[in-house]
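Engineer: When you get a sec, could you build the whole thing from the sequences and use the hints?
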Amino acid sequence: MSASRIGQMLPSRSVSVLNGGNVWFFGGGAQHPAGYLVSGVRSMLIPSQLSPFFPQSIALSGVSERRRGLAQEKMTENGVFSRDKVLTIDTMNPTVKNVEYAVRGPIVQRAIQIEKELREVYSCGVSCRFVYIILHQLLSVPHLTLCPLFLLKVLALCSYPELLNENMFPEDAKNRARRILQACGGGSVGAYSASQGIDCVRQDVARYIERRDGGVPCDPDNVYLTTGASDGIVTMLKLLVCGEGASRTGVMISIPQYPLYSAALAELGAVQVNYYLNEEKCWSMDLSELERSLAEARKHCNPKALCIINPGNPTGQVQSRQCIEDVIRFAAKERLFLMADEVYQDNVYAEGCQFHSFKKVLFELGPEYSDNVELASFHSTSKCYMGECGFRGGYMEVINMDPEVQAQLSKLVSVRLCPPVPGQALMDLVVNSPQPGEPSHTTFMKERTATLSLLAEKAKLTEQILNTVPGITCNPVQGAMYSFPNISLPEKSIKEAKALGQAPDMFYCMKLLEETGICLVPGSGFGQKDGTYHFRMTILPPTDKLKILLAKVKEFHQKFTQQYS
1 MSASRIGQML PSRSVSVLNG GNVWFFGGGA QHPAGYLVSG VRSMLIPSQL
51 SPFFPQSIAL SGVSERRRGL AQEKMTENGV FSRDKVLTID TMNPTVKNVE
101 YAVRGPIVQR AIQIEKELRE VYSCGVSCRF VYIILHQLLS VPHLTLCPLF
151 LLKVLALCSY PELLNENMFP EDAKNRARRI LQACGGGSVG AYSASQGIDC
201 VRQDVARYIE RRDGGVPCDP DNVYLTTGAS DGIVTMLKLL VCGEGASRTG
251 VMISIPQYPL YSAALAELGA VQVNYYLNEE KCWSMDLSEL ERSLAEARKH
301 CNPKALCIIN PGNPTGQVQS RQCIEDVIRF AAKERLFLMA DEVYQDNVYA
351 EGCQFHSFKK VLFELGPEYS DNVELASFHS TSKCYMGECG FRGGYMEVIN
401 MDPEVQAQLS KLVSVRLCPP VPGQALMDLV VNSPQPGEPS HTTFMKERTA
451 TLSLLAEKAK LTEQILNTVP GITCNPVQGA MYSFPNISLP EKSIKEAKAL
501 GQAPDMFYCM KLLEETGICL VPGSGFGQKD GTYHFRMTIL PPTDKLKILL
551 AKVKEFHQKF TQQYS
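1 is the number of the first residue of the sequence shown in UniProt numbering; add one for each residue after it.
No lab work stands behind these hints: they were computed from the structure. Just so you know, these numbers come straight off a predicted model, no measurement behind them. Hints are supplied without guarantee of correctness; some may be wrong.
[As the list claims (entries may be wrong)] In silico EDC-like cross-links for lysine to aspartate or glutamate, where the CA-CA straight-line distance does not exceed 16 Å:
id, residue 1, residue 2
1, K116, E514
2, K360, D371
3, K299, E334
4, K460, D544
5, K333, E279
6, K360, E514
7, K552, E496
8, K460, E334
Structural biologist: Here's what the structure looks like:
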């Protein structure tokens with residue numbers, strides 16, 4: 001590709017990433033196509049006036065021998081070769097090698113490499129600006145949303161209690177900080193807590209659940225604070241998995257699914273039992289599909305659990321109340337343990353859609369179900385309007401768990417000592433937010449509403465723009481933070497992908513990354529019906545950048561289709 005052609009693709013004085021990992025610099029855009037030299041083993045375009053500062057020997061796109069996978073020999077001081085490693089790829093735990101996690105897989109590794117190379121260039125003093133490389137599209141960084149300042153103020157007070165003497169913080173923030181600190185060992189969030197979590201926080205979580213579910217009782221002893229929702233999900237799977245051969249535990253998960261589930265099941269050596277969401281009906285759950293999946297699984301394993309993500313990740317659907325009732329009745333009939341991943345419960349955007357917790361519906365179905373169906377539900381500080389994913393705050397509530405098993409659960413969580421205490425504090429603020437009459441209530445509600453409203457606007461925008469692209473079909477983004485459009489790929493591209501040993505949508509997304517800097521996750525990383533292809537993208541970027549992103553995706557898809565037709 002010529003420098004002048006590349007220059008036409010980007011604004012002047014910018015940087016982008018294209019073609020096989022090459023790093024391209026643009027000093028003057030299309031107006032100065034002659035102002036470039038090629039340097040480095042992997043072709044790094046450098047403005048000619050800067051070439052003396054970038055000799056080939058330090059080409060930033062080069063990689064070390066270790067990164068290229070070349071053999072390295074080590075010798076001791078007396079010249080004797082070191083012995084073989086105890087831990088090798090052949091002697092390591094084989095289940096770990098089966099683990100795949102698409103949202104941190106090859107796409108993100110390549111994107112991180114690109115970003116690192118660009119940052120190294122920028123740190124060398126080259127006057128350029130980065131093209132918007134949307135790494136957070138892959139990593140799903142909800143922290144880019146606006147977290148209400150009240151939460152951050154209380155966390156600041158908890159982290160540095162001397163601030164309680166300052167007048168810059170409202171009294172309701174100080175009162176919450178004092179209450180949390182009084183419940184911490186030594187009055188510090190740096191101390192260990194009880195393994196199940198700080199007692200007053202679990203009480204607040206229980207009251208929150210009762211309010212959310214219209215008065216359905218919640219026992220704080222059934223609430224476990226966790227290191228994000230993921231920690232609780234993996235912990236429950238550890239309790240469930242047992243047996244060998246045909247008696248090995250099977251766990252039913254939706255396809256498409258969040259890769260945490262498939263990765264955890266692979267690591268635990270459990271059997272993944274797929275059931276497919278109905279794309280034609282906005283990714284709804286289908287009772288006949290559950291029945292088909294379960295019957296097939298019972299031929300080779302012992303299905304014990306059914307996992308549901310509502311609102312959905314990656315599919316963005318919100319399940320109806322009728323659907324949830326059907327699932328609960330199905331679980332009761334087939335004696336399945338229910339796991340309800342409800343971390344997006346505040347993220348509902350589409351008209352006519354409403355979040356219904358599995359626990360609330362379970363109890364409204366009456367004692368036949370509420371006294372018997374075993375349920376674990378999960379929530380987190382990472383999503384919704386908070387987006388404070390780095391604090392790793394979350395909780396799970398267990399319903400109808402055998403008391404002896406619950407004792408084992410308490411033992412299991414004690415092994416990891418306790419969840420991060422700052423994350424517990426943040427979870428408390430989510431479930432015990434400012435109430436009417438408190439100083440921070442008006443501002444808190446304004447910020448919360450603004451964040452959720454903006455996400456709703458971007459959900460609609462994403463659906464509308466993607467559906468204007470020939471070959472892309474996007475269901476309504478009813479909730480959560482993602483769209484999962486269906487993409488039509490030319491047969492020629494499918495054959496080329498398979499020749500390279502790649503899934504066709506991985507091939508597509510990698511091309512997109514290399515040519516535009518846009519980072520999306522291929523649908524194959526989440527699972528999909530054979531012969532269909534998708535990608536997942538978040539609705540998190542600022543609206544102006546989201547529009548640019550969608551326009552570039554549209555342009556790329558049209559060029560890709562033309563190239564391989």
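Engineer: Need the status of pair K333, E279: alpha-carbon distance at most 16 Å?
Structural biologist: Since the Cα atoms of K333 and E279 sit roughly 26 Å apart, the hinted pair is violated (cutoff 16 Å).
Engineer: CA of K360 to CA of E514, is that 16 Å or under?
Structural biologist: violated (47 Å)
Engineer: For a C-alpha distance cap of 16 Å, please report whether K299 and E334 respect it.
Structural biologist: holds (15 Å)
Engineer: Below or equal to 16 Å on CA atoms is what counts here, so check K552 against E496.
Structural biologist: The hint is violated at about 23 Å.
Engineer: Just to be careful, I want the Cα atoms of K460 and E334 compared with a cutoff of 16 Å; is the pair within it?
Structural biologist: violated (38 Å)
Engineer: For the pair we were handed, K116 and E514, check the Cα-Cα distance against 16 Å.
Structural biologist: Distance of about 14 Å is within 16 Å: holds.
Engineer: Measure nothing beyond the straight line between the CA atoms of K360 and D371; if it is 16 Å or shorter, mark the hint as holding.
Structural biologist: holds (13 Å)
Engineer: Holds or violated: are the alpha carbons of K460 and D544 at most 16 Å from each other?
Structural biologist: Cα-Cα ~14 Å, so holds.
Comparing the model with each numbered hint stated earlier shows that hints 5, 6, 7 and 8 do not hold.
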